[in-house]
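K.L.:
Below are the chains, spelled out letter by letter.
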Amino acid sequence: MDLLRFTTAGSVDDGKSTLIGRLLYDSKSIFEDQLEAIKESSRKKGDENMNLALLTDGLKAEREQGITIDVAYRYFATPKRKFIIADTPGHIQYTRNMVTGASTANLAIVLIDARKGVIEQTKRHSFIANLLRIQHVVVAVNKMDLVDYSQDVYDKIIADYKSFASRLDNIVDIRPIPISALNGDNIVNRSENMPWYEGASLLYHLENVYVGGDENHVQARFPVQWVIRPQSDKFHDFRGFAGRVSGGVFKPGDAVRIMPSGFSTTIDKIYQDKKELAEAFAPQSVVMTLNDEIDISRGDMLVKDNNAPHLGQDIEAMICWFSTVNLNPRSKFVIRHTTREAKAIVSELRYKMDINTLRKNEDVSSLTLNEIGRVKLHTASPLFYDSYNKNRHTGSFILIDPGTNETVAAGMIL
Amino acid sequence: MFDYNLSHLDQLEAEAIFILRETAAQFENPGLLFSAGKDSIVMAHISRKAFYPARIPFPLVHVDTGHNFPETIEFRDAYADKIGARLYVGMVQDSIDQGTAVEETGPNASRNKLQTVTLLETIEEQQYDAVLGGGRRDEEKARAKERFFSHRNDFGEWDPKNQRPELWNLFNGRKQPGEHFRIFPLSNFTEMDVWMYMHQEGIELPSLYYAHERETVTRNGVILAVSEFVQPREGELVETKVIRFRTMGDATITGAVESSANTMEKIIEEVAAARQTERGNRADDKRSETAMEDRKKEGYF
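Chains as they are written, first to last, in my numbering: chain A, 147 to 560; chain F, 1062 to 1362.
Quick caveat, the hints were computed from the structure, so don't treat them as lab data.
Quick reminder that beta carbons are idealized off the backbone N, C-alpha and C, glycines included.
It is possible that part of the hints are untrue.
Said to hold, decoys possible - Residues from chain A that face chain F, not an exhaustive set, calculated with beta carbons under 10 Å:
1. Arg151
2. Ala218
3. Tyr219
4. Thr246
5. Leu278
6. Gln281
7. Pro376
8. Gly386
9. Lys420
10. Arg482
11. Thr485
12. Ile546
So that you can see chain F by itself, here it is in the shape it has in the complex (with noise of 0.2 Å):
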């Protein structure tokens, strides 16, 4: 008898991969969100392997929120560009002139929450009747129990209590009008297998990955880099750190960890050795035990 075993990141990566050919098939006009944090590069690269030859058959889409690290915006055109795929943006800063966002105040003020109406906003203008994102389910407790296929009503809204139920191989992406499906392929992944499939299959990543020196401010604990979206508050002190970027959000929001680990090895040896999950440094989640389920339950990805 052979040994027709696969290793888990070839299961986890033929997986995907059926997700991704099963949206393009079940829907009529998807998207990819790509913010050029790793798990959208993940996506996109897998994306790209599963309709080889072929191109893409569905645009890569950013809701920008306009206080990105500029490193992130540049790679993010680069990497399209690269690709061969389409890149549609939604500005957040759109809905803002147009009075469906209003920005927050105050001094914790940041424009996470903001996303979820541009984002809903670029899907109902764009058509798209799935949009495909990152999220895995050991990011967050709520996202443990999402679907591959995430069903939304009319409004964005999801329902966890009332999901459909996902058996085998089988996905149920029948809606009605105006609904529409959030499609999480990776969601079997975890941080390290994610980190482990890009050192496997060589993923460039942006810079802000690898640790670098910058100036930072220490804010609730939690270690933000000084930039024209963060500047110092009267008692801050700035330091010269070094340090990378765990996640890639907002530069207002997202905090970096002190890090010499400057090449991909280096950083798989380090998450193996965390106690922190990723998230653990990201305001937006402190806000209350069952933030991203609120959120999500509004439409936030």
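Bound conformation, chain A alone (with noise of 0.2 Å):
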């Protein structure tokens, strides 16, 4: 069995909770006293009927505001696949929430609300989602059952959408599928009421399609996280170099090269526990020994020669802005990148999107929540870092506000 990583983001009435109900509900995740419960909140809310967004609305202010304000997480599984759902709110001023959620899915839902159409909402979620380089999106256009099951509209609705994410370079495998959450209608089984459909249910689609690709194995990059030195008499002489692969294969035997000294070695033998490993990739976590004794420590890099990793000072990023206090240039943070932290000043701030109609300004003097902008930034110490769009793990990072030990803000390095 494998794990799909997956993301949602949407209000309350385009349906995104019942979706989730449903899908949680028709593979058995709900359990009888989590819907014993709902029943009873709901009765007390005088809801007649069972609502099922009380299942994903977690935190007291929420429920008693109605309101979704953090990312949620859920989980589900199918004999096929485990599923992680981050669930997020999908107003703007969330936009916060959708990043996070989005940083760590492999595919997002998109919802469309089939009277609705493409509206300013499902282009924010798509431009989030290929920002965050998610490569595979569902457009589930949902509330089938209230356009009389038409193809009419289903067909202009992704004809709109297509014609809108044509721009969004990222996503590179586009799904649409028409729904009916509240029926079922697609969701488990093919729906009967759709015969001009010929595609697959949503949940068989999220149980086959291929995300093994979305990992960088090429390019080998192995952030030190941790030195392991037992000191024991049996292991007098061991110095093992923890971490997770952030991208490549590794294996004994391989030359590799040490940043930021620049020494190179071979790798002696790779660990997980006591167990030696033929070969070692992401997202692995694994034990490495070397054949020299080299100073390395954590925040130091394994790379390979003939693809090391970009290293500098001065770099190019879009970020997500997540403070209430505005970004002004010429600020100054800690910045979070790999295992390595150093200082960093935003040296300038270059533009801002508008993620309603994806125009960038470039009159402009800070970033404030919820802004996404393109900054350069200046590191006291340089980093070892590839582009976002060729490695999540190395072209990310977290701005902190060294005052407040806050994170004020996502990037992702171009």
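Each chain sits in its own coordinate frame; assemble them with the hints.
P.N.:
Here it is, written out as structure tokens:
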């Protein structure tokens, strides 16, 4: 069984909660006591029907206000796959939650209300999916029952969507599916109400979409996380470098270069607990031993000569701003990138994106909460990085305000 | 092209190992909460793997209510010994004796809430700046929104509406003096994943998890084992049943399920068919709809 992480974004009335509730319910992931609790609190609020949104709205404030304010993680499994849903609110003021949810997802479900067609929110979700390099998008045209299961309505919406999405380069796989989450049309089984639709049901697609190619298995990257020195009699001279493979494939005997020192050596052994591995690849957590004694510490990176990452202190990136305190040029931060930390300054703010129209605004002096813009950063010590489009692990970073310790921005290196 | 796919259990393990190592690297003095419950046993097991061949670079910490089953305590001590880990035990009784915790009275009194006091006292006294726990997001609706690295202010409180965004594999453990973090490496496991993982790894569990015969009473619809902490009340019938426990809490509040599952394979079959969440028979969660969120805000795990 493998794992698929996907994200959904939407507001209460486009049927997102119903869709998630349906997936959990049909895969038998909702337990009786949870159902009882939901029925009970629906009843208390005076809802006659069981309100499945109560299953996803976990915090007291959310339940009181009937809104979703944070990313919630949901789990279900079929015999084929385990699924992790990052369920995020869809309103523009929650862009930071959408970005967070999208950062670890392989696939995004973009929900469209068949009565409304492609609206601003649809574009916003798709833009964020593209920005965070989610390669697989399901365009779920929901509430087909309310448009008489009309193929014409559906075809027009999909044509509109595709014409807009042609500008989104990272999305390589768009899968349109007409559904009714409420009635279960094309969710688990193919709907009899839409014989004109010849594709797979949503669940079938989620179970079978190939996402194995999302990791970079070409460019070898191993950020050192922790140095293991047992200092016991049995392992007296053992020095192992622990970390998670962030790209490429490493094998015992491979020549590797250490960044930033530039020294070269070869891999002696690769361990996973007591087991010796013949190769290691992303996203495995392993321990490597090397054939030469070289000073290596947390934040260093093992790479291969023929395809080393960029090394530099000036970085161009897109960032999403998370703080209620505005970003001003010349602000100073701590940047966290792979297992490395450095001081950083935003040396230039080039433009901000209007994520509804996809227009760039170059007449800009700051970024406010939930805004996305392009910046130039200067770091106090060099980072070893790739463009985010080549590698999500070595192309991403966060900015931390050194005064409050808050995470104030997420960045994607260009 | 080679097929570089990992099974879901291997991916979850790799993620947990990454987080355990980040904890060791980003904090000066972490502790691993260890109750001898299955989730904490999985935590200790993965920690051992994460740092092998070195020892786990942090102690096991148990907040002992004094109301545990004896099997639990025996298992705890033997396990710490086996993996060569330090064990620190904070006693709820000590907090009661010092007057910092007041024992609940009344028919449904439990020491569950008092654990928070002792936990916070232990964190302060031992100066832990990060406390690792086996909490999972599928357990409860407030937990579904909690971060891997969950910040606590200097009163140990959680502010669910003001959590730091957590993206990719980048974890921000920076804090002011006096603050600490609760860290949950198993966040993305489900109950089923934990069982499948334990089966895959051949992990040993306390005998209480497996079906056995025991004297019980049924109180408010919950099957409780008769013990020195739970005595039958007037009108309650003592029945001998074949039961097992799905979680390992205090003897006073941990409900059993009737079951004949006496091997891990049988338990997995039972979990797969289960229609009740494992916390469904914990009296502490039944107190109100947001019982867990309220306790977590105060510093509970």
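K.L.:
For each hint, tell me whether it holds in the structure or not.
P.N.:
Here's how the hints hold up against the structure:
The closest approach between the C-beta of A/Arg151 and any C-beta of chain F is roughly 9 Å, which is under the 10 Å cut-off, so the hint is satisfied. The interface hint given for A/Ala218 is met, as the beta carbon of that residue sits about 5 Å from the closest beta carbon of chain F, less than 10 Å. Look at A/Tyr219: its Cβ gets to within about 5 Å of chain F, closer than 10 Å, so that hint holds up. With a least beta-carbon distance of about 5 Å to chain F, the hint placing A/Thr246 at the interface is held under the 10 Å criterion.
Interface hint status for A/Leu278: upheld, as the beta-carbon distance to the closest one in chain F is roughly 9 Å, under 10 Å. About 16 Å separates the beta-carbon of A/Gln281 from the nearest beta-carbon of chain F, more than 10 Å, and the hint is not met. Taking 10 Å as the C-beta contact cut-off toward chain F, the hint placing A/Pro376 at the interface holds, the least distance being around 4 Å. With a cut of 10 Å, the hint placing A/Gly386 at the interface with chain F holds, because the nearest CB-to-CB distance is about 8 Å.
Interface restraint check for A/Lys420: the shortest CB-CB distance to chain F comes to about 6 Å, inside 10 Å, so the restraint holds. About 5 Å separates the beta-carbon of A/Arg482 from the nearest beta-carbon of chain F, less than 10 Å, and the hint is met. Checking A/Thr485 against chain F by beta carbon gives a least distance of about 7 Å; that is within 10 Å, so the hint holds. Look at A/Ile546: its Cβ gets to within about 6 Å of chain F, closer than 10 Å, so that hint holds up.
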